[in-house]
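Participant: Now for the letters of each chain:
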Amino acid sequence: MKMRSSGVSRRQVLKTTIGTTAGAAAYSLGLGGRAPAYAQGNATTIRVLSVEDPFFFALRDVIGDFTDQTGIDVELESLSYDAMQARLVTSFVSNTSDADVVTVDQMWTGQYIDNGWIRPLDEFAAGDADLDITDFMPEVLYSLNTWRGHLATLPVAAYAQGVMYRRSVADQLGLDIPDATGSWTWDAYTDTIAAMNGQNVNGTDMFGTVICGSQPTPIVHMFTQAAASYGARWFADFPASPEWDFTPTINSPEMMAAVDQYARLYDLSPPEAINYLWFDAGTRFSTGDIGMFYWWTPYFYLIKNNGYMTGEPSVVADDYGIAPLPVAGSTPQVISLGGWSFGIPSTTEKADAAWEFLKWSTSAATQKAMGLVDTYNYQFSDFARRSLYDDSDLTAIYPYLGTQAGMLAQGNGKIARPPAPVYTTLEGIMGLELNKVLIGQQTAEEALSTMDDLFLNTLRGNFLIPYSLPSFDDTPEATVELINRLA
Amino acid sequence: MAYLPYLLVAPSIILLLGLIAYPLVFALKNSFYFWNLQTSATPVGFVGFANYQMVLASPAFLNSLINTLVLTFSGTALEFAFGLAIALLLSTRLRGMSVARALLIMPTTIAPIVVGFLFRYMYDPQGGIITWLMASIGLDLPAQGILGSTNTALLAILIADVWQWTPFFAIILYAGLLSVPVSLLEAARLDGASAWVMFWRIKFPFVMRTALIILILRFMQLFNTFDLVLVLTRGGPGTSSRTLGYTLYQQGLIDFNIGMASATTWLVVIIVNAIVGLYIFFAFRKWEW
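So the protein sequences, as listed, match chains B and G. Going by this note's numbering, the first residue of the first sequence is number 1, and it counts up by one from there. Going by this note's numbering, the first residue of the second sequence is number 1, and it counts up by one from there.
Honestly, the hints are just simulated from the structure, not real lab data. Hints may contain errors.
Unchecked claim - Pair by pair, the computed Cβ-Cβ distance ranges are:
1. G:276 x B:65: 26 to 32 Å
2. G:111 x B:440: 33 to 39 Å
3. B:95 x G:2: 43 to 49 Å
4. B:130 x G:43: 40 to 46 Å
5. G:42 x B:68: 39 to 45 Å
6. G:110 x B:168: 41 to 47 Å
7. G:94 x B:375: 49 to 55 Å
8. G:74 x B:149: 52 to 58 Å
9. G:221 x B:460: 35 to 41 Å
10. G:26 x B:460: 25 to 31 Å
11. G:276 x B:460: 33 to 39 Å
12. B:457 x G:273: 28 to 34 Å
Just so you know, these numbers come straight off a predicted model, no measurement behind them. Note that the Cβ used here is the ideal one computed from N, Cα and C, for glycine as well.
So that you can see chain G by itself, here it is in the shape it has in the complex (with noise of 0.2 Å):
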């Protein structure tokens, strides 16, 4: 009987590896071999590390990282601030906030290749919308067009992804406002603590945990951003908006060298693993678990 609980819990631990570990495993293989589908249909033979310094020589691995990581941070935190106010906007009680409620889910049931193809047309430098925003309101565009910039383009990218996420941000941020205790509002009110107070000493706390979480788990999913680079710039101009994901895309689904991109693979989930780890360290050290 000592070993009932081992057993009952196989299964799961069992299709766990299966579905996690063995891809990534068989990556693990794939990236010490010289396989390149468009020469051959099976690995033609062992390279030790070659792939991954093919990998780190090449200066479109650091292009983008740096692009990865600029879209990844600030798309992020911006995805969170934005979020989180319009959270603390749906918590209060104005009139057709149910109504936002119901319209604020729908960027992020669309699939971002999608989002892609709106924003392209929104960007549109003949007649688009926002280019015809901005240029209404005096800025500067440029002659390129916002996605044919290189100053533009990255960012061109991370408002489309802003614009898609941060619902889900205030989705998940309000519910987690909502667990707040309206006693301890009232008490609070009764104190004469101001706005900013309550939001501080009381509601920020209580969406803590849940906003830790969701952050990590947005910064994961951005990190890997692929379908709107794809669509909007294909990485470029140059390598001015090229992504991890979208290079992964490329060395696998384009060159089909399965050796190098099997290598970028586990690049990325080194450099993830070595993120999220130290946000775990210090976000998560002062809790109870």
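Bound-form chain B, shown alone (with noise of 0.2 Å):
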């Protein structure tokens, strides 16, 4: 394996090439179909691209293993989010593509396959044993690896939302706080937020919680969480309907108590969390000052550390419980799915070998080593597949295990964060508006008013209103049966 190695040797390229010649030879010969290069003794060397979350972290040690096993060298390269989609679409489009497996957000998937930039992974996927794929969660496959009934990517690390509290605070302020098995609403939550703020608490002056207020992606990512809960819909009719209608429902009453309840996290918020990220507000819960927040599950293990990544206990570390997330009233809970996936480029020529590293580092045998290591203090519990979630080795380094699978049972990416052709930018002014109300620039009615303005406008304009395009009725009923058809 090769880390951020941007130079190739000649004979490294030498290899490669005749590794591929040898390939396209075999193919072109009718030699057995997709004869691999390696499985003909010819070295091969593949190049991924990866987001930075922590599975890299995991993936990075362990990822010798797939050389071992497979004789498939590895260059592993990271980039930040952002840094990602720019380089994977502007190599894309200018037909660039230097990598052979790339990391996918979910957002991403529609743009990718729609495009032609990845291939869409049926053909690999059928009838091959070793993926497994029914040991995969639905609910996972459906929110992050799945377009127009396609198998797009294999899913890395998936990530839903819960509860972190701090027990002591709780116990010391006779809060009562359910466990996995109860639940509790919105209103409730907000008390016992409201109940923590401003209390000392072992000498500490508590914060009642904390959330994401940076624009434009780390304040959508926790707000629409409030806002699925609350039975908020972006679209009259996407994904799940057969014919897309991508008129905007955001001026709703149910996005109003959302956004109404956001406020009042952040008025019971440390201030300077209006210009949080993904991690400031899981460094900050760590630091030991706030009561209880919710985020993206990776934070289950990663408050565990006084910092990202750094492998150095927190002052939370023994002294936190998981709760599942509020709910509206009567409404049926929906929870946010992330994550992040692998895909294969459609320019690269190794697609073989990349799709056995598809199927290695989605395997259950791989994500659970992944878990087991112990570089930065147990860094990675975000699994896909249902199997590892009753792992007794696992379970006993993650004990919050159980409730994190509930919670991505209940989960459904498609309706928190619908991937509208266009999302990126309905996430940049969904995130500038809502910055605006915590700020108190405009009231929550205002907000809403622009945003469905604004989103209209950016629809009507990408010819997304009316939709003229091919439908697809994107049910999770749609995903159980192309699991089942390619199992």
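Relying on the hints, combine the two individually framed chains into one complex.
Facilitator: Next up, the structure:
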């Protein structure tokens, strides 16, 4: 394995060229269809572009196993979230992609597949017993990996959202917080936070909670969980509809309730949270002056460290509990699902080797090995496979896995953040307008009215209203059918 | 042989056209097309001035323009003023000036993105050194932190930029001051000229030409500020620190709306060239070329 290697030796080029040529020649001669180069004794090197989320560090530590098992070398390069998307899109458009495996956010999947930038994986997955596709949680595959009825990517890390709270603070203040089997409302959640706010607990002045206020993406990731819980939806009919209708439904009572709720939470947060990115909120909790907050499930383990992937224990490491997300009255709970997936670019000439990597990195064995890496104080429990949530080795390290599995099972990433074709533009609009509400530049009513207008203009301007391309009734059931078909 | 001079300069001209004109012409063409990479890998159709209309109608553009102008004019002026003061100090024969000159170049060599991270930590409301220093001298800081307040976010970016680029002015202006003939200064001193008169009548005219050039270079550079904004505030809170550079990044590399990003690019080109054109007209009209 090589890390961030920008130079390529002549030997590597020669090996790769020989391997690729041999593979192509075998293919063109009809010698066994997709005959992988590595299977013919030729060394192959694949280049993997990964975003630098926690899974990357665990994967990096076990990636040598892949080379040992397959003989395929891996050049693993990591990038930030924004840089990844910018690099991928510009390289795809200019046909200069040098990667064989790329990390794909669920919001990019439709764009990449529709533009032909990544290959659908149906052909690879169909009948490949090693994949064990039925072990993947269908909610995860639906939210992260399918587009128009095709398997586009495979999940390497799956996130839900849940509540983290300080046990000692709750105990000292006599506050009841439901366990994994219980439930509570957003009002009860806010009341509990308000009861913690401003209290001095063991010499620490507490803030009730912490939110992400930075625009555009962090604030939208956190806010949309509340919005989904309140039953708010972005569009009239998408994606679970035979006729997609992108008419915005942003200016709704449910969305209004969610904005009000989020503003209340900001009032109970440190004021500087207005500028907080993803890690800032989690890191703040781990410093010990936050009573409770909700966020992506990787923070169930990240907050054990005193900084992002430091490996040093935080003051809350042995003093926090996990609770279910609140619900809004009788509205059925919808939990936002996110995470990261690997896909195969259309430009790669090493698709078979890339597929081997996808299978290996998302396999139960590799994911378990990633969970057992202790370099950073055990920092990976984002499993997309059901079997790992019952694994005794893993539950001993991550005791919350049962609760997390329940959160994933309630997940629907396509409702919380619908992957519409211009999602990132809409996210930018939503993030900015929400941010303005929090700093008091406008009211929630004004923000929703502006958002609705801008959504409408953007969607019309991009020819998505009316939608003239073929729709696909994208339901969780359709994903289950796909899994059964490919199994 | 009459064509020989043209032939000799032709390669340079062709290279220049290729490197400068082609991207601009390509952007100009794209600005008249609907091309959003989120929905299509290729341009969809000719839309005339629709992209320009959308950019100009967007409140974010006007906010960005105002912030950019505030940042650019104040940043250039402050960096020049501080840079000149430091250059004058460097030109004195005080102890330790050679070390100071060596240290001075360091901020300029750091990538702006790194400067952004450094200042993000220094502005941290929980123990950031700038926050601590300002609080220690009794300044009333916003509860949201320096980066979290609409009143101070742009100022915070300005301070980081001034920290990084003032040494650039100082070093260039110091080089200009070195060109002042010592005999001239000696003669003035013998004539009883005060320090102010020596600066204003002798030193400043000598560095004036250098100053005019670096002022405009830095102005153009600062107009496109993006890195610091991305790391420190992402244009927020609200749009209080959003610059045209950040808006372009948002349109081009987040929204992937190539048509709109190209239109914004051309609006920036027009605005910068108008300002630079006026500057050159007034600043350089007395120059003998």
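Participant: Against this structure, judge whether each hint is valid.
Facilitator: Consistency of the hints with the structure:
In this structure the supplied range 26 to 32 Å is violated for residue 276 (chain G) paired with residue 65 (chain B), their Cβ-Cβ distance being about 58 Å. Judged by the Cβ atoms, the range 33 to 39 Å given for residue 111 (chain G) and residue 440 (chain B) holds: they are separated by roughly 35 Å. Between residue 95 (chain B) and residue 2 (chain G) the CB atoms are about 45 Å apart, so this pair conforms to the stated range of 43 to 49 Å. Between residue 130 (chain B) and residue 43 (chain G) the Cβ separation comes to about 42 Å, which falls inside the hinted range of 40 to 46 Å.
Between residue 42 (chain G) and residue 68 (chain B) the C-beta distance comes to about 43 Å, which sits within the given range of 39 to 45 Å. Taking the beta carbon of each, residue 110 (chain G) and residue 168 (chain B) are about 43 Å apart, inside 41 to 47 Å as hinted. Take residue 94 (chain G) and residue 375 (chain B): their Cβ atoms lie about 51 Å apart, and the range 49 to 55 Å holds. A C-beta distance of roughly 56 Å is found between residue 74 (chain G) and residue 149 (chain B), which places it inside the suggested range of 52 to 58 Å.
About 38 Å separates the C-beta atoms of residue 221 (chain G) and residue 460 (chain B), a value consistent with the hinted range of 35 to 41 Å. With their beta carbons about 27 Å apart, residue 26 (chain G) and residue 460 (chain B) fall inside the hinted range of 25 to 31 Å. Against the hinted window of 33 to 39 Å, the Cβ-Cβ separation of residue 276 (chain G) and residue 460 (chain B) comes to about 38 Å, which satisfies the hint. Separation of residue 457 (chain B) from residue 273 (chain G) is about 30 Å and conforms to the stated range, judged on CB atoms against 28 to 34 Å.
Checked against the numbered hints listed earlier, the structure breaks hint 1 alone; every other hint is satisfied.
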